[in-house]
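With the hints as extra help, turn the sequences into a complete structure.
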Amino acid sequence: MNEWLRNGFFLGLGAAVAGKEKVQTYLDDLVSRGRITPAKRKNLPMN
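Everything in the sequence shown is counted per UniProt numbering, starting at 1 for the first residue and increasing by one.
Pairwise CB distance ranges, derived in the manner of DEER restraints: (1) Glu3 / Ile36: 42 to 52 angstroms; (2) Phe9 / Pro45: 17 to 27 angstroms; (3) Asp29 / Phe9: 23 to 33 angstroms; (4) Ala18 / Pro38: 16 to 26 angstroms; (5) Asn43 / Lys22: 12 to 22 angstroms; (6) Phe10 / Leu44: 24 to 34 angstroms; (7) Gly34 / Met1: 51 to 61 angstroms; (8) Lys40 / Leu13: 25 to 35 angstroms; (9) Ile36 / Leu13: 20 to 30 angstroms.
Heads up, simulated DSSO-like pairs for lysine-lysine below, C-alpha to C-alpha not over 27 angstroms straight-line: (10) Lys42 / Lys22; (11) Lys22 / Lys40; (12) Lys20 / Lys40; (13) Lys20 / Lys42.
No lab work stands behind these hints, which were simulated from the structure alone.
Note that beta-carbon positions come from the ideal geometry of N, C-alpha and C, so glycine has one too.
Now the structure itself:
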């Protein structure tokens with residue numbers, strides 16, 4: 001049972017990190033396309 005909790009915790013942690021990286025990549029893409037300014041990108045809470 002303890003091993004299941006540990007594995008579940010690490011699975012959730014990995015998903016959170018992967019999601020954060022995906023959002024950061026998306027925001028960087030928006031900046032490169034000119035959809036948002038670098039200043040707006042800097043003010044977003046993902047930094």
